[in-house]
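Undergrad: Residue numbers (numbering that gives the first Met the number 0), protein chains in the order written: chain A, 0 to 142; chain B, 0 to 86.
Accuracy of the hints is not assured; some may be wrong.
Each pair of labels, with its calculated beta carbon distance range [said to hold, decoys possible]:
id : chain 1 : residue 1 : chain 2 : residue 2 : range
1  : A       : Thr102    : B       : His65     : 29 to 39 Å
2  : A       : Glu29     : B       : Leu36     : 20 to 30 Å
3  : A       : Glu137    : B       : Arg69     : 41 to 51 Å
A few chain B residues that don't get close to chain A, going by computed Cβ distances all over 12 Å [said to hold, decoys possible]:
id : residue
4  : Ala2
5  : Gln13
6  : Arg31
No farther apart than 20 Å at their CA atoms in a straight line, the calculated lysine to aspartate or glutamate pairs in the EDC-like style are these [as the list claims (entries may be wrong)]:
id : chain 1 : residue 1 : chain 2 : residue 2
7  : B       : Lys71     : A       : Glu29
8  : B       : Lys66     : A       : Glu137
9  : B       : Lys8      : A       : Glu29
10 : B       : Lys66     : B       : Glu83
11 : B       : Lys35     : B       : Glu17
12 : B       : Lys71     : A       : Glu31
13 : B       : Lys66     : B       : Glu56
14 : B       : Lys35     : B       : Glu23
15 : B       : Lys66     : A       : Asp61
16 : B       : Lys71     : A       : Glu87
17 : B       : Lys71     : B       : Glu56
18 : B       : Lys66     : A       : Glu31
19 : B       : Lys35     : B       : Asp9
In short, the hints are calculated from the structure, not lab data.
A virtual CB, placed ideally from N, CA and C, is assigned to each residue, including glycine.
Residue-level listing of the chains:
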Amino acid sequence: MSLYVDTNALVPLYVPEVLSAVVTTRLAQEAELYISPLTETEFCSALALKVRQRHLRRRDADRVLSLFTQHRQHNRYAIVHLTANVFESAAAYLRRFSTPPRTLDALHLACCAYASLTLFTADRSLMQSGRHFQLPCEWVQPE
Amino acid sequence: MRASVRYLKDHLSQCLLEIQRGTEIIVTSYRRPVAKLVPLSSQEEDAQETRETFFAELTALRLDLHKRVRGKPLSQTVVDIRSEERF
Chain A
0 MSLYVDTNAL
10 VPLYVPEVLS
20 AVVTTRLAQE
30 AELYISPLTE
40 TEFCSALALK
50 VRQRHLRRRD
60 ADRVLSLFTQ
70 HRQHNRYAIV
80 HLTANVFESA
90 AAYLRRFSTP
100 PRTLDALHLA
110 CCAYASLTLF
120 TADRSLMQSG
130 RHFQLPCEWV
140 QPE
Chain B
0 MRASVRYLKD
10 HLSQCLLEIQ
20 RGTEIIVTSY
30 RRPVAKLVPL
40 SSQEEDAQET
50 RETFFAELTA
60 LRLDLHKRVR
70 GKPLSQTVVD
80 IRSEERF
């Protein structure tokens with residue numbers, strides 16, 4: 000089954016950190032990597048916070064986003080589009096009132112379900128929500 | 000061309016050269032054909048090259064940024080931002 004790469008599992012490809020090696024090795028085994036438009040939004044948000052905290056220079060953040068945009072434009076990722084069906088599935092998860100996921104989590108899970116993908120994530124809470132809804136999940140952690 | 004599993008084990012490099020030249024090799028086990036080794040199509044070769052370029056670009060960027068990123072890992076920043084919304 001193909002992987003839906005959660006934002007927190009994608010960013011280590013671009014910015015060096017403790018997960019970079021394990022994520023690179025794992026994702027290199029996949030023929031196609033799936034993301035959604037949410038990925039770009041969260042990627043920008045996290046980079047913006049790093050810049051505000053002065054943990055990353057603005058021009059470095061620009062370079063990271065520039066390469067990510069280039070990869071998107073060259074179809075290095077397959078996109079799961081946020082259609083009305085995806086929003087409806089997300090709402091259905093939230094209507095069960097059985098887990099703590101909020102809007103963003105539910106949308107990511109709905110993308111996985113809609114495209115029949117395995118969630119590849121470093122976010123333990125999201126993985127637990129995914130498993131609660133019986134979605135296939137793969138949790139990535141440092142070696 | 001046919002090759003047994005044992006022959007393949009002993010002559011893998013030679014067999015791969017043959018495949019690169021365009022030969023298809025039927026692999027046999029106990030004389031029964033069980034697999035076929037074929038050269039990559041030009042489309043598959045291009046896809047492989049594209050993937051190698053993709054990961055090479057990422058590695059180059061990370062190496063360049065290596066000493067200029069501080070604080071928590073970016074993956075954790077994504078999780079932290081989400082956590083502010085949860086609960």
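Undergrad: Going through the numbered hints above, which ones does this structure break? Give me the numbers in ascending order.
TA: Per hint list: 3, 7, 8, 9, 10, 12, 16, 17, 18 violated.
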